[in-house]
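Now for the letters of each chain:
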Amino acid sequence: MRKFTLNRDKKSLNPTDEQIKRQKDFSRIHHDYERLTKRGKKPLYLDPKLFMLLLILGIMLLLAFLDL
Amino acid sequence: MKNRKNDKNLTEAQIIALAKKDVYYFGLLYDKYFNTIFSFVFKRLGGAEDVAGDVTQLSFMKAMANIQKYEDRGNPFSSWLYKIANNQVYEYFRKKKRLHEVPVDEQRIQDLGKEANINSYMSMAEQEKLIEMINELEQVQQDLIELRFFEKMSFKEIAAIYNITEANAKMRTYRILERIRNKWEN
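Chains A and B are the protein sequences, given in the same order. No gaps in the numbering here: position 27 of the first sequence is 27 in the working numbering, and each next residue is one more. No gaps in the numbering here: position 66 of the second sequence is 66 in the working numbering, and each next residue is one more.
Each hint should be verified, as a subset may be incorrect.
Cut-off 35 Å, straight-line C-alpha distance, at most; resulting in silico cross-link-like pairs (DSBU-like, lysine-lysine) [stated by the list, open to error]:
(1) B:69 with A:11
(2) A:21 with B:43
(3) A:38 with B:152
(4) B:152 with B:170
(5) B:43 with A:10
(6) B:129 with B:32
(7) B:69 with B:43
(8) A:24 with B:62
If you're looking for bench data, these hints aren't it; they were derived computationally from the structure. These numbers come from a predicted model, not from an experiment.
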């Protein structure tokens, strides 16, 4: 929601160079963009191949433990 | 490491084509257009610096994510950025229930009054009355008035933002002015 008002104080409606400098930061959007685009990656434990490997390792360790 | 010296020799079309493959080149577009887009958003949000900063950053992030879809249709690249920023400002107003006061310079109101054939010079009270009438317009109508008279955009730029023809942008704006004039006379 917005409401137009008359600029009675005659203050400048344009941003100052300092304000622009403060807000200008490409590394910030680059970082946010990278974070957003890489967010969809599957966690390692949900990878079927890795899951199988971990399961086999677990069984082997269990067998080795039982043999002892 | 990119060779920054060579960047200066690139045309805008080349930078856009490269930006579609490499984010680094989008940075060059960001550097070139940040000030313009930030000023546009800043004025539309009534000078709220931090909010304007966030909305501008979000606009550039959307542009960066969608640069693949950008097609040169004869309008300047800035029109595409204005369109995204305009949508983000609109989205901000839609989400926030708080009322934002947007100050407008007296000269802009005088120009609007002249263009609407209301008066060649308006007193303070008349200016206030005209502003009240603009506040009573529908959102889309307010946007057109704001872009044309307060942001001083050309009809070509407005047309690019709304995906309409220049003639259509002109017609819509003058219909609103006619409505304002009729209301003023009554």
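(message) Going through the numbered hints above, which ones does this structure break? Give me the numbers in ascending order.
(response) Numbers 1, 3, 6, in rising order.
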